[in-house]
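Engineer: Use these hints to put chains W, R and G onto chain L, whose structure you have.
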Amino acid sequence: MVQKPIISADAAAAMVKEGMTLHVGGFLGCGSPDAVIAALAARGTRGLTLVCNDTAISDPKSGRTTGVAPLVARGQFAKVIVSHIGTNPETQRQMNAGETDVVLVPQGTLAERVRAAGSGLGGVLTQTGLGTEVAEGKEKVRVGDRVFLLELPLPGDVALIKARRADRAGNLQYSKTARNFNPLMASACALVIAEVEEIVEIGQIDPDQVHTPSIFVDYLVMAKGGV
Amino acid sequence: MVQKPIISADAAAAMVKEGMTLHVGGFLGCGSPDAVIAALAARGTRGLTLVCNDTAISDPKSGRTTGVAPLVARGQFAKVIVSHIGTNPETQRQMNAGETDVVLVPQGTLAERVRAAGSGLGGVLTQTGLGTEVAEGKEKVRVGDRVFLLELPLPGDVALIKARRADRAGNLQYSKTARNFNPLMASACALVIAEVEEIVEIGQIDPDQVHTPSIFVDYLVMAKGGV
Amino acid sequence: MIEYVENKEIIARRIAAIFKTGDVVNLGIGLPTLVANYLPEGVTVILQSENGMLGLGPAPAPGEEDKDLTNAGASPVTILPGGCFFDSATSFGIIRGGHVDYTALGVLEVDQEGNLANYKIPGKMVPGMGGAMDLVAGSRVVIAATTHFEKSGASKLKRRCSLPLTAAKEVDLVVTDVGYFEVMGGKFRLLEWFKPYTPEWIMERTDADIEVMSTCRCADFE
Amino acid sequence: MIEYVENKEIIARRIAAIFKTGDVVNLGIGLPTLVANYLPEGVTVILQSENGMLGLGPAPAPGEEDKDLTNAGASPVTILPGGCFFDSATSFGIIRGGHVDYTALGVLEVDQEGNLANYKIPGKMVPGMGGAMDLVAGSRVVIAATTHFEKSGASKLKRRCSLPLTAAKEVDLVVTDVGYFEVMGGKFRLLEWFKPYTPEWIMERTDADIEVMSTCRCADFE
Chain L
1 MVQKPIISAD
11 AAAAMVKEGM
21 TLHVGGFLGC
31 GSPDAVIAAL
41 AARGTRGLTL
51 VCNDTAISDP
61 KSGRTTGVAP
71 LVARGQFAKV
81 IVSHIGTNPE
91 TQRQMNAGET
101 DVVLVPQGTL
111 AERVRAAGSG
121 LGGVLTQTGL
131 GTEVAEGKEK
141 VRVGDRVFLL
151 ELPLPGDVAL
161 IKARRADRAG
171 NLQYSKTARN
181 FNPLMASACA
191 LVIAEVEEIV
201 EIGQIDPDQV
211 HTPSIFVDYL
221 VMAKGGV
Chain W
1 MVQKPIISAD
11 AAAAMVKEGM
21 TLHVGGFLGC
31 GSPDAVIAAL
41 AARGTRGLTL
51 VCNDTAISDP
61 KSGRTTGVAP
71 LVARGQFAKV
81 IVSHIGTNPE
91 TQRQMNAGET
101 DVVLVPQGTL
111 AERVRAAGSG
121 LGGVLTQTGL
131 GTEVAEGKEK
141 VRVGDRVFLL
151 ELPLPGDVAL
161 IKARRADRAG
171 NLQYSKTARN
181 FNPLMASACA
191 LVIAEVEEIV
201 EIGQIDPDQV
211 HTPSIFVDYL
221 VMAKGGV
Chain R
1 MIEYVENKEI
11 IARRIAAIFK
21 TGDVVNLGIG
31 LPTLVANYLP
41 EGVTVILQSE
51 NGMLGLGPAP
61 APGEEDKDLT
71 NAGASPVTIL
81 PGGCFFDSAT
91 SFGIIRGGHV
101 DYTALGVLEV
111 DQEGNLANYK
121 IPGKMVPGMG
131 GAMDLVAGSR
141 VVIAATTHFE
151 KSGASKLKRR
161 CSLPLTAAKE
171 VDLVVTDVGY
181 FEVMGGKFRL
191 LEWFKPYTPE
201 WIMERTDADI
211 EVMSTCRCAD
221 FE
Chain G
1 MIEYVENKEI
11 IARRIAAIFK
21 TGDVVNLGIG
31 LPTLVANYLP
41 EGVTVILQSE
51 NGMLGLGPAP
61 APGEEDKDLT
71 NAGASPVTIL
81 PGGCFFDSAT
91 SFGIIRGGHV
101 DYTALGVLEV
111 DQEGNLANYK
121 IPGKMVPGMG
131 GAMDLVAGSR
141 VVIAATTHFE
151 KSGASKLKRR
161 CSLPLTAAKE
171 VDLVVTDVGY
181 FEVMGGKFRL
191 LEWFKPYTPE
201 WIMERTDADI
211 EVMSTCRCAD
221 FE
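Residue numbers (this note's numbering), protein chains in the order written: chain L, 1 to 227; chain W, 1 to 227; chain R, 1 to 222; chain G, 1 to 222.
One chain only, chain L, in its complex shape:
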């Protein structure tokens, strides 16, 4: 089995170029690739489009941030496609000031749109969002006596994901609710960088228990404090 290069967080961040569409795993910061995000924040690459569950947490009082919030704070996103911005007041401020284009997508629809991109589907039909602002401007498809929204794939240039463990081939296992969007993001992007807490030898992960197959992963990065 082919081994995947293990690179620094900064080398990973350098692969993200201005204007790219960036898929980032994590749910309000749980399961986010924090080392690569910190490196990307340090580089300051701008004009990015974010596809992520949310813009994570930014607490104006304590200054505490999680997940992609440091990138939001530096204004690195021209556009964010997310299900939730309620815990990041800075995203709301940028939206109201016209600095960042915010597209809100229902969480389950976001998951399916990313999955569709990764699995070669041209779209999926869902009833989520019917009769709401989400349906505006979207094609409706009637099947029998029911009407559905046609939701389109969301592919990306680079996926930054976080896993608990990788083998040297790039097979990944996630931990608990830190799994969330990570496997989906890995399937939908041209380049996939996985930040992991532990790298084991090939053969040490049970092949029945691989969450993301190695072929989806291009590079590995060690998380801070990883082994």
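Please note: incorrect hints may appear among the correct ones.
[What the hints assert, rightly or not] In silico EDC-like cross-links for lysine to aspartate or glutamate, where the CA-CA straight-line distance does not exceed 16 Å:
1. L:140 x W:139
2. G:67 x W:197
3. W:140 x L:139
4. R:169 x L:133
5. L:224 x L:198
6. R:124 x L:90
7. R:67 x L:90
8. G:169 x W:133
9. R:169 x R:182
10. G:187 x G:113
11. G:124 x W:90
12. R:187 x R:211
13. G:169 x G:182
Please keep in mind that the hints were generated in silico from the structure rather than gathered at the bench.
Structural biologist: Below, chains W, R and G alone, put in the same frame as chain L:
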């Protein structure tokens, strides 16, 4: 956590009623619920619609059968919706004789149609089958400059699946390529019966390594030779 | 003269009494989360959390938090034996596919057609819908959990929602701190009123069509 | 006078030489399966099997078969270290999503437009398409692997397929036992001819438009 009833193969087979749509896991017999299939063959329930990857293997010379082939041999299916019948000459004979309605579906499309039924999608768009007989009579949807087939969900009444291991709550783990369609079938049917080789106590399966969550499973059946 | 006193505990207790053993339930962030504290003895429900788990347990003891184990509000939680984890596509497959029996969630407005608004106040607050649109569209039974009145005194039960909708005509049950309603036929049908309120008092103060069912009864949570 | 002798080994060897280390490859049942035996020293490809695995290994030793571990033809196989298993939706997500670099599969007919027929002879044989339609529609590069002629002597490379299609205009490369072709611009472009055949001999006996590329060369597998 609620425990799931452990019933006999015959009690499971008795839940399958004439005319029902039956989803069966397995790939040419690998990962098929053989004990429940044998019990259903013994009961002889007829007029069933099968949704399965294939009609498994029936070797006219040796008399060897795998998977759902015993049900095919007894003429219990009025209709089969499968990707492959090439290893079961009896299905071909029944098709040619007009005894069984055979609908051939590309394997990946079959997987997505069953998944769509299980996950509340009204359909999916795929390019598989475009320009072939599979596309005949189906709605085409244009997205940008590409055309896709609209493929519709395939829900069922009863799923008969096979897993390596269950806990008493019904969480399942599959073994190797015996996984195949089993998790998909479990999601798409009103009633789900899982034949398993081993039943362990609740808490003995790592929650990160559950392949089918307990809430999809209604009854457990011990496989022959199981522990 | 009956005076309204906001009471979230009554709402949580009444919702908790709806479930039976084996039900799969998603409790939204905020008020609905309280429901878990009032599940009757002997009733075992399975809590789903849309960020990717079944078998949601109580908050961990201080110092026992796991960075990789949170609920959909990013609070540390635990998992009960027999629970499991999965990715977001599977999680919403479970939700959209009708495998969640009940979802209870907070509201800004709910109307007599079953419309729900809880994700946006234009020009003021736009947190985003998160998983709410899928939960409301996909769950078998949708329970709106809300104090009956806003701070201003206006009822949150409306003839017609004025805020952007989370979902159209999907709400089945409404539990407030004055009563328990079913949404059907373009009306709120009052199933129970909660002491010390009365059906007349509720109807007077709610700008919506309320039908008092013949089987309607008083529930006393004191 | 050159006489045609069917030679599946040459087809397998030529296809094996196409891949480079790291490529994800699906080999169809039958002739394409042989390709695995001829992968050059030092080239590590990752074999996908559409019934749910990556890292497909050789057949097990007699007595070492595992009932739960087969390929898409139900033959016992093994898994190499670093391989993994998944369900059929994931398997075809990998295929349809373009994550398989090459698929090599057998044909009944292949034509100069890139159309492929390999799943059905109406009134005679209807095995079903299995995973072939997804593999041909989804893989990055589709390689048709076939002896050049039928038993009857007719070439399997056609102007236009007459059998029901497995996929329209998806074939990229055709490897037979007389040559190696690229399908482009409505023609078979001959990239290599295999000794002892010649471009002229191939063009004479193939009822299809063949263009001999200026870079076309002779490959000797003797």
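Engineer: Now tell me, hint by hint, if it's right for this structure.
Structural biologist: Hint check results:
1. Of the supplied pair hints, the one linking residue 140 of chain L and residue 139 of chain W holds, its CA atoms being roughly 14 Å apart against a limit of 16 Å.
2. This hinted pair checks out: residue 67 of chain G and residue 197 of chain W have alpha carbons roughly 13 Å apart, not beyond 16 Å.
3. For the given pair, residue 140 of chain W sits about 14 Å from residue 139 of chain L by alpha-carbon distance, which is consistent with the 16 Å threshold.
4. A threshold of 16 Å between alpha carbons decides the hint, and for residue 169 of chain R with residue 133 of chain L the separation of about 15 Å falls inside it, so the pair holds.
5. A C-alpha spacing of about 10 Å is found between residue 224 of chain L and residue 198 of chain L, which places the hinted pair at or below 16 Å, so the restraint holds.
6. Proposed proximity of residue 124 of chain R and residue 90 of chain L is supported: the alpha carbons are some 14 Å apart, at most 16 Å.
7. For the hint linking residue 67 of chain R to residue 90 of chain L, the alpha-carbon distance of about 24 Å lies beyond 16 Å, and the restraint is violated.
8. Using a Cα cut-off of 16 Å, the hinted pair residue 169 of chain G and residue 133 of chain W holds, with the two alpha carbons roughly 15 Å apart.
9. Restraint check for residue 169 of chain R and residue 182 of chain R: the C-alpha separation of about 12 Å stays at or below 16 Å, so the hint holds.
10. For the proposed pair residue 187 of chain G and residue 113 of chain G, the alpha carbon gap of about 7 Å is at most 16 Å, so the pair holds.
11. For the suggested pair residue 124 of chain G and residue 90 of chain W, the alpha carbons sit about 14 Å apart, so the restraint of at most 16 Å is met.
12. A distance of roughly 7 Å separates the Cα atoms of residue 187 of chain R and residue 211 of chain R; the hinted pair therefore holds under the 16 Å criterion.
13. With a C-alpha separation of about 12 Å, the suggested pairing of residue 169 of chain G with residue 182 of chain G holds against the 16 Å cut-off.
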